[in-house]
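Protein chains: 2
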Amino acid sequence: MSFNIPKSDKKRVVIVGGGFGGLKLANKLRNSDFQVVLIDKNNYHQFPPLIYQIASSGIEPSSISFPFRKIFQRRKDFYFRMAEVRSIFPEHKIVQTSIGKISYDYLVLAAGTTTNFFGNKSIEEGAMPMKNVSEAMGLQNALLDNFERALTCATEQERQELLNIVIVGGGATGVEIAGALSEMKNFVVPKDYPDLPNSLVNIYLIEAGGALLPSMSRESSESVEKFLRRMGVNVLLNKMVTEYKENKVYLKDGSTIATRTFIWVSGVTATPIDNMPANVIGRGNRIVVDEYNMVEGVEGVFCIGDQSIMPKGDPAWEGGHPQLAQVAIQQGALLAENIKRLERGKELKPFRYRNLGTMATVGRNRAVAEFKSIKMAGFIAWVMWLVVHLRSILGVRNKIIVFYNWMINYFTYGQSLRLILYAKKAKEVIDREERLAGSHWGDDLKSRGVDYNT
Amino acid sequence: MSFNIPKSDKKRVVIVGGGFGGLKLANKLRNSDFQVVLIDKNNYHQFPPLIYQIASSGIEPSSISFPFRKIFQRRKDFYFRMAEVRSIFPEHKIVQTSIGKISYDYLVLAAGTTTNFFGNKSIEEGAMPMKNVSEAMGLQNALLDNFERALTCATEQERQELLNIVIVGGGATGVEIAGALSEMKNFVVPKDYPDLPNSLVNIYLIEAGGALLPSMSRESSESVEKFLRRMGVNVLLNKMVTEYKENKVYLKDGSTIATRTFIWVSGVTATPIDNMPANVIGRGNRIVVDEYNMVEGVEGVFCIGDQSIMPKGDPAWEGGHPQLAQVAIQQGALLAENIKRLERGKELKPFRYRNLGTMATVGRNRAVAEFKSIKMAGFIAWVMWLVVHLRSILGVRNKIIVFYNWMINYFTYGQSLRLILYAKKAKEVIDREERLAGSHWGDDLKSRGVDYNT
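Going down the list, the protein sequences come from chains A and B. Heads up, the first sequence is in my numbering, so the first residue is 1 and it goes up one at a time. Heads up, the second sequence is in my numbering, so the first residue is 1 and it goes up one at a time.
Isolated chain A, as found in the complex (with noise of 0.2 Å):
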């Protein structure tokens, strides 16, 4: 019995990546004449929004994770697959995954981005990220055994590495984390440790610009540093991490932090893919496309969402759009619609982004948001990023949890999620993962007799 993705008349849309891109796109797909098939290296859709609140325990993990599998029960004509993409062989028409080979008539990239380490070794080996599920898990961890730590560690200075949590990149994404810990260090450390007295943790958001949240106003950027500031964070602009070694972050005014915690948001870098032509790939490691999403030179392959930059064709925004959610969702409706155009020879539509607007939260009480001229920072914008999120979360069960955690968190933080909590890793899913770290991509298959679905 082969349970290859069968041969069929339609022809196969092959997407890479189930953020919110590739899922828009694939929804919008349902009830089409194409196949589609859906790859990605996890069994779920995550919502990154949300993933700094697993790190500072105010979620967890299942409330923002939705597995793919469920999202398209039911669906015809619709294969999942779990797996990396490593190359793609455009005049074969064929992607080339963890699990062996699989051929497209169109591809969409829409893997997103990783951490960019900026080529640092020494940050990257000692540096927690956090642009993902796992990665906050982790993260949550470590905090959490920290403080276990602290108590009961040999000297003065290991403990004051142990509290000291340090977070490189004044993003939204370091902002929203150095709000959520600094009301764990004021409200939620002084109940689970009172013998640990809260003035030893030090929290460090670092910037190496001259403002948080570059991308929006001076006025929100103000704001924030202002509100952060206010909430006991030390805010550092202007400075510049050069390397961590032996616990200690090296600034490059010759200063130093020493720590155990040391936070990485600092940028991204688009997942990369082998194979790729070296003239579409642009700023930032991402992939050129035109107003249509469209690799151009590469027939029948797309890309979308944060791993993709539109340098021409959007008039508002010559050189590129933000890699933000909304425009991936946007690219994704458009291109499932531009797709069905394509093959029935009708004319494309062009990209437009229509800005909902940005925003960003600063603990349970303060954010920022500006829609095209208006201007709002505190409790009402802060409202509105409830407002926002929760709708914007898969599953009514999901959103209910989150909700009641956050009024827990609101009124009491009172949650009982602060939990060092490790799936213990069978055997065989070790192996696996030493097998992909390998070389062996492809090979480990071939090599068993596989050529999988080509």
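One or more of the hints may lead you astray.
Because identical chains cannot be distinguished in the list, a pair is counted as satisfied if it fits within a single copy or across any two copies.
Unchecked claim - Computed cross-link-like contacts, SDA-like style, restricted to lysine to any residue with a CA-CA straight-line distance of at most 20 Å:
{"#": "1", "residue 1": "Lys248", "residue 2": "Lys340"}
{"#": "2", "residue 1": "Lys41", "residue 2": "Ala208"}
{"#": "3", "residue 1": "Lys121", "residue 2": "Thr269"}
{"#": "4", "residue 1": "Lys131", "residue 2": "Pro322"}
{"#": "5", "residue 1": "Lys424", "residue 2": "Ser122"}
{"#": "6", "residue 1": "Lys425", "residue 2": "Phe117"}
{"#": "7", "residue 1": "Lys425", "residue 2": "Asn42"}
{"#": "8", "residue 1": "Lys41", "residue 2": "Lys425"}
{"#": "9", "residue 1": "Lys425", "residue 2": "Asn132"}
{"#": "10", "residue 1": "Lys191", "residue 2": "Asn42"}
{"#": "11", "residue 1": "Lys424", "residue 2": "Asp145"}
{"#": "12", "residue 1": "Lys248", "residue 2": "Trp406"}
{"#": "13", "residue 1": "Lys375", "residue 2": "Ser215"}
{"#": "14", "residue 1": "Lys424", "residue 2": "Asn42"}
{"#": "15", "residue 1": "Lys41", "residue 2": "Arg149"}
{"#": "16", "residue 1": "Lys10", "residue 2": "Asn27"}
{"#": "17", "residue 1": "Lys399", "residue 2": "Ser416"}
{"#": "18", "residue 1": "Lys372", "residue 2": "Ala325"}
{"#": "19", "residue 1": "Lys28", "residue 2": "Asp105"}
{"#": "20", "residue 1": "Lys425", "residue 2": "Ala150"}
{"#": "21", "residue 1": "Lys76", "residue 2": "Leu196"}
{"#": "22", "residue 1": "Lys11", "residue 2": "Arg75"}
{"#": "23", "residue 1": "Lys226", "residue 2": "Ser215"}
It should be emphasised that the hints constitute simulated quantities derived from the structure, not laboratory data.
Dock chain B against the given chain A, drawing on the hints supplied.
Leaving out everything else, chain B in the frame of chain A:
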């Protein structure tokens, strides 16, 4: 500044293990004249009766894990320490832990049991135990991962290994996980994996003895066997597993079953502690106690729950009590009273186990329950099972979420918890685990000048 546990005028009770027994004891010592120190490997209390539902994606880990620091918030003269206890030095009234030495006036061992592999190395290496939340999370990941891989694997042989599930041990845990997984096979696989015939998923439940649930009555055993067979579980009685290698389970009768999901719930052995006199180690490595849970000949040391055995003293239970939550809870409650009596020079009360009955569930409609002379099997028993377990879960929030999950499961099997979730380990945590795994317990701390709180 010293963060040692302060010396106090009050006598110190050190409790090792925050399971059912240890937690009850700690709670009952509230407002007593003792300083209480609770030591546990994890920072949370877990609820073993529902751990199998984590493995079957029925509930989330956070619903049955409750942080100790939250449980004991605002408690006076109480100290929680996350550590493992290795050794006891009764002549100095000190326990050696992974974070250094801790002195006691009264020591209560309540560290429960670990999985017993009966010295079989091939089984220990390849099998997946399911004794705690962490192992159940790992098993859940492995199960879901194996389903994904079954769709894309190289050979029919490999596919069958991935889809066969072998559970060894016909006690309550084995019966319950077999029931939950057979429901997954019958109701979830057809919806989540439409291209995977669920006839390929085979569930084996292997028991070395002649009946399932050997500690219950023959009627209950037979009811459960009938329920499971009807649900499609292959129940194998009087079969000994001798080995596990190359993805095959070997039985004593010469037959083999191919599987990569080899779940071992076949027995337990008491958590060992070094330096206990040999004469107090009883059956199953359990520590022999008298009718007051005192360890004879070791002054000031008690043992309760699964880690202990009381061969004499309780007239109705000559030879020892069963290793059940109720025994641990009742012993914890009585010991709190007896320690107070000891201090006041009053006569101690001997332990008499009040059997509240035992139950086990098989899927979503059937259970068996026994209370004294009453035996029940079927739907009513199942409803009782639900009520008893829901009542026992700590925290209103957790009760609500578990109830919600159960109802969704009951009506639709439509949860969205089938997530392959790993916490990415921070380098710090890995380093410390490696240190712990080595033989440097305590030495590591001593070499750094710490001699913790003796």
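Hints and how they fare:
For the identical chains of this complex, Lys248 and Lys340 are neighbours neither inside a copy (54 Å) nor across copies (49 Å), given an alpha-carbon limit of 20 Å. For the homomeric pair Lys41 and Ala208, neither the shortest alpha-carbon distance inside one copy (32 Å) nor that between copies (40 Å) is at most 20 Å. Taking CA atoms no more than 20 Å apart as the test, Lys121 paired with Thr269 passes inside one copy only; the shortest distance there is 16 Å, against 45 Å between copies. Taking identical chains as interchangeable, the C-alpha atoms of Lys131 and Pro322 lie at most 20 Å apart only when both belong to the same chain, with a minimum of 17 Å there against 47 Å between chains.
Only between protomers do Lys424 and Ser122 lie at most 20 Å apart by alpha-carbon distance; the minimum there is 18 Å, versus 28 Å within a single protomer. Only between protomers do Lys425 and Phe117 lie at most 20 Å apart by alpha-carbon distance; the minimum there is 18 Å, versus 28 Å within a single protomer. Taking the shortest alpha-carbon separations for Lys425 and Asn42, both the intra-copy value of 16 Å and the inter-copy value of 17 Å come in at or below 20 Å. Taking the closest pair of Cα atoms, Lys41 and Lys425 come within 20 Å of each other both inside a single copy (17 Å) and across two copies (18 Å).
Both within a single protomer and between protomers do Lys425 and Asn132 lie at most 20 Å apart by alpha-carbon distance, with minima of 19 Å and 13 Å respectively. Taking the closest pair of Cα atoms, Lys191 and Asn42 come within 20 Å of each other only across two copies (19 Å); inside a single copy the shortest separation is 36 Å, beyond that limit. For a Cα distance limit of 20 Å, the shortest separation of Lys424 from Asp145 qualifies both inside one copy, at 17 Å, and across copies, at 14 Å. Proximity of Lys248 and Trp406 under a CA criterion of 20 Å is satisfied in neither setting, with 34 Å inside one chain copy and 48 Å between copies.
For a Cα distance limit of 20 Å, the shortest separation of Lys375 from Ser215 inside one copy, 14 Å, qualifies, whereas the shortest one across copies, 68 Å, does not. In this assembly of identical chains, the alpha carbons of Lys424 and Asn42 lie at most 20 Å apart whether taken from the same copy (18 Å) or from different copies (13 Å). In this assembly of identical chains, Lys41 and Arg149 lie within 20 Å of each other by CA distance solely across copies; the values are 13 Å between and 34 Å within a copy. For the identical chains of this complex, Lys10 and Asn27 are intra-copy neighbours only, at 17 Å inside a copy versus 65 Å across copies, given an alpha-carbon limit of 20 Å.
With identical chains, the CA atoms of Lys399 and Ser416 are at most 20 Å apart both within one copy (18 Å) and between copies (12 Å). Proximity of Lys372 to Ala325 under the C-alpha cut-off of 20 Å is restricted to the intra-copy arrangement: shortest distance 17 Å within a copy versus 60 Å between copies. For the identical chains of this complex, Lys28 and Asp105 are intra-copy neighbours only, at 17 Å inside a copy versus 68 Å across copies, given an alpha-carbon limit of 20 Å. Taking the shortest Cα distances, Lys425 and Ala150 sit within 20 Å of each other only across copies (19 Å), while inside one copy they are farther apart (27 Å).
When the C-alpha separation of Lys76 and Leu196 is checked against a cutoff of 20 Å, the pair qualifies only between copies, where the shortest distance is 15 Å, while the shortest distance within a copy is 57 Å. Taking identical chains as interchangeable, the C-alpha atoms of Lys11 and Arg75 lie at most 20 Å apart only when both belong to the same chain, with a minimum of 16 Å there against 65 Å between chains. With identical chains, the CA atoms of Lys226 and Ser215 are at most 20 Å apart within one copy only, with a shortest distance of 17 Å there and 65 Å across copies.
Hint violations for this structure: numbers 1, 2, 12, all remaining hints satisfied.
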